[in-house]
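Chains as they are written, first to last, in the numbering used here: chain B, 17 to 151; chain D, 802 to 1096.
A couple of the hints might just be wrong.
As the list claims (entries may be wrong) - Calculated from the model, a selection of chain D residues having no Cβ within reach of chain B, i.e. all distances over 10 Å:
hint, residue
1, 852
2, 915
3, 932
4, 1002
5, 1039
6, 1067
As the list claims (entries may be wrong) - Stretches of chain B that chain D covers, calculated by requiring three or more beta carbons in the stretch to come under 8 Å of a beta carbon on chain D:
hint, segment
7, 30-42
8, 62-75
9, 101-113
Claimed, not checked - Quick partial rundown of chain D residues pointing at chain B, CB under 7 Å, derived from the structure:
hint, residue
10, 839
11, 841
12, 886
13, 887
14, 890
15, 893
16, 918
17, 920
In case anyone wonders, no lab produced these hints; they're calculated from the structure.
All C-beta atoms, glycine included, are put in the ideal place defined by N, C-alpha and C.
This is what each chain is made of:
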Amino acid sequence: MSDDAADDGNESEGRSPAEWVTFSVSLVILAVVVALIAGQMWGEQRPAAPAAAVAGEVREVDGNYYVPVEVTNAGDDTAENVQVVATLTIGDETLEGDQMVDFLSGGEVEDVEFVFDEDPAGGELAVSVSGYGLP
Amino acid sequence: MAAPDTTVAQRPPWAQEVVDVVRALSGGMLFGIPLLYTMETWRAGSTAAPSRLLLVLGITIVPVLILNKTEGFRADPHVTWGEAVKDTVEAVALGIVSVAAVLFLLQEIDLDTPLRDGLGKVVYESTPFSIGIALANHFLRRGRDEGDSDGDEDEDGDTQERGLDATLADVGATVIGAFFVAFNIAPTDEVQMIAAGLPPGLLLCFVAASLAISYCIVFEAGFSNEEQRHAQKGVLQRPLTETVASYLLALAAAALMLFFFQRIGEGEPWSAALSYVVVLGLPAAIGGAAGRLVV
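Chain D on its own, in the form it takes in the complex (with noise of 0.2 Å):
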């Protein structure tokens, strides 16, 4: 069972809600980015038939269901089977909102693209992205009761030192976490094939989904931790400082990756490197606020 969370209980029902979507779409992230940018989920998702779709559908609603009666992704668990039943039916549908948006971000679906074909990319995708809306309970709690004890020890403490040493630990933890996520992305086709395809102006929407999406896991999810990160001191650590700072750190570890894997370097168009780094960022940024949430 998860722990109440008694710093979100106050707040007004609409609040809460909006907080508890956020949790769980930053769970599905977590989750299911890895499998949005792979090309064999794409085709299995286009060249499966209608019947298939549904099983797929019939399918990942079991896992979900269950993960939501033991935990799910409110501050409040429900624990009846009927509000399980809510639970998923949410989590389902989030999960396919979601992962058509990122989607379309990604130009694997547009407004031309066949039915039959997004419907598919679509229904494969989001298997895994509801299991981690189902899932972020799970995520990332350790630090939720141990943060915050830990934050009112830190009081007696140098503050100076303290905000550097707390800096300097989220640097870290940044970097590990975006090698942890994007690493086993940076050597495949699918970064390059995104990228070619993306027009400029949509380049722009992944810096600003991999700064929303990163900020709303670390500051407004309700993970572990989120309150003392609120409270933090260090150097680039007020939410939207050590949003930006986080991500360009994400940035320089993707463009770590890519040339660890000789994806650019010399001969590469500056701006085709640029829209490498740029693409491999989003699940970096995604890693990088998970190992932030860790430390």
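Chain B extracted, bound-state conformation (with noise of 0.2 Å):
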């Protein structure tokens, strides 16, 4: 321990102001981090609370109708195996799609693309969350 401060009396001798230089920043780097992180620790944490919306036009290609949808976790928590499903009526006639999303942390959005062999826009279309797990 005498050796130890011995040597730490000399360690504004041995560090050269490009090493004082990095310490200082790297010391105001992780302090950001810490704080950061300790600021998600006092705020409010919401369940995961997955929603998927039609989000920009539906593409036509080659009689083929693409449906662009948007799947959005608004809680804090993270959603796992999230299943959206599409559900396209034309008259008396129903399509459905689904598709599945693995994985959707807290506030994260992610894209998808649902596919009928029909106009969506000659009948109604309904896009929504069927379920979710949690990790």
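Once you've looked at the hints, go ahead and assemble the two chains, each given alone in its own frame, into the complex.
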């Protein structure tokens, strides 16, 4: 211990100004990261709340209609295996498609696309999340 | 204890600091790159509670502090506990910054990533990276003394033949090193997943990052054989040509690994195959650089 103390007394001579700059910048970075994490601890923790909505224009390629859908987790907790269902009703006919998003962390947004062989503009399109798991 | 680095001791303090930081980052890359390509680590970070993230950060500090006390990443390692603590703060901060940069390159975090998600990924991935930084002086030190004396003995040999032998040795070492690091990444889904999400501009950034990291590990980080490598006269052994040639070898090795695991082949669009090869080329280039240091 006494050796260490003696060595510590020479630290300011041993460390160059360049090393002090690196240390100071590093200390600030570490402090910011710890503060950001600590700030997350005091915020309200909302449970996972994934939801789906059509996002953007439907496009047609070779007779198929591609519907862009955005899946958003409005909560803070992560949702796994988020099941997204799209239902297109045209007259008496109902077309259904489903997608699964493996992993959706709190606040994350994932884009998926549904493909129909009928034009969604000619009917009623509904997209929703049918279920999800908790990690 | 690390052998004093007489080749770099005469550098001005700022230049020496740059070399120390480059060595630190190189050590982090060598140790941490496989986990940066692991989906489960990204997800572990994303799902972790903030209290767990602080715990992980605290746990990381312990081995990094012990390693910094014994060797660390500096050419002139500080041996007092006080200096080891300062080096530990630097190692963890460097780990966090460089992991954030690589995760951004992999598009696992971007400006739209929720703060908690991004913090979790960065903190979890920075653990092996920070340990790699603190291990930098342990890596590939063997050749520093042995390599220098080998170089002196070679003065009597035939220059041309020696250059060819050295080039062939480098080719073999690059390919073996590339396989050593990238072989366990090649069969995973992460390569395709990362490649699929990359805009073409970022693919070029992968190429630039692979070349820069490979160059830094071999020629700037002050690892073993650096002086000898600067002095080598092989066919492709000027620093820039060697770096480019070795990167092409690493890409070829990456393509072979992907073909072996049937990740590329007949029916695969060439642009998709190219992006897989470039994505796997980053760890392959790092492995190739490490391989060349041990020959």
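Hint check results:
The Cβ of residue 852 of chain D sits about 6 Å from the closest Cβ of chain B, inside the 10 Å cut-off, so the non-interface label is violated. A Cβ of chain B approaches the Cβ of residue 915 of chain D within 10 Å, the least distance being about 3 Å, so the stated non-interface status is violated. No beta-carbon of chain B is positioned within 10 Å of the beta-carbon of residue 932 of chain D; the least distance is around 16 Å. With a least CB separation of 20 Å from chain B, residue 1002 of chain D remains clear of the 10 Å interface cut-off, as annotated.
With a minimum CB-CB distance of about 29 Å to chain B, residue 1039 of chain D clears the 10 Å threshold, and the non-interface call stands. The beta carbon of residue 1067 of chain D is kept farther than 10 Å from every beta carbon of chain B, the shortest such distance being approximately 24 Å. Given as covered by chain D, the segment 30-42 of chain B passes the check, having 11 residues with a CB less than 8 Å from a CB of that chain where 3 are the minimum. For the segment 62-75 of chain B, the stated coverage by chain D is violated: 0 residues have a C-beta nearer than 8 Å to a C-beta of that chain, whereas at least 3 were required.
Counting residues of the segment 101-113 of chain B whose CB falls under 8 Å from any CB of chain D gives 0; the rule of at least 3 is not met. Residue-level restraint check for residue 839 of chain D is violated (minimum Cβ-Cβ distance to chain B is 14 Å; threshold 7 Å). With its C-beta approaching chain B no nearer than about 10 Å, residue 841 of chain D sits outside the 7 Å limit, and its interface hint is violated. Because the closest C-beta pair between residue 886 of chain D and chain B is about 10 Å apart, greater than 7 Å, the hint is violated.
Evaluation of the residue 887 of chain D hint against chain B yields a held restraint, the C-beta minimum of about 5 Å falling below 7 Å. Interface hint status for residue 890 of chain D: upheld, as the beta-carbon distance to the closest one in chain B is roughly 5 Å, under 7 Å. Annotation: interface hint on residue 893 of chain D holds; nearest CB of chain B at approximately 6 Å, less than 7 Å. About 4 Å separates the beta-carbon of residue 918 of chain D from the nearest beta-carbon of chain B, less than 7 Å, and the hint is met.
Interface hint status for residue 920 of chain D: upheld, as the beta-carbon distance to the closest one in chain B is roughly 6 Å, under 7 Å.
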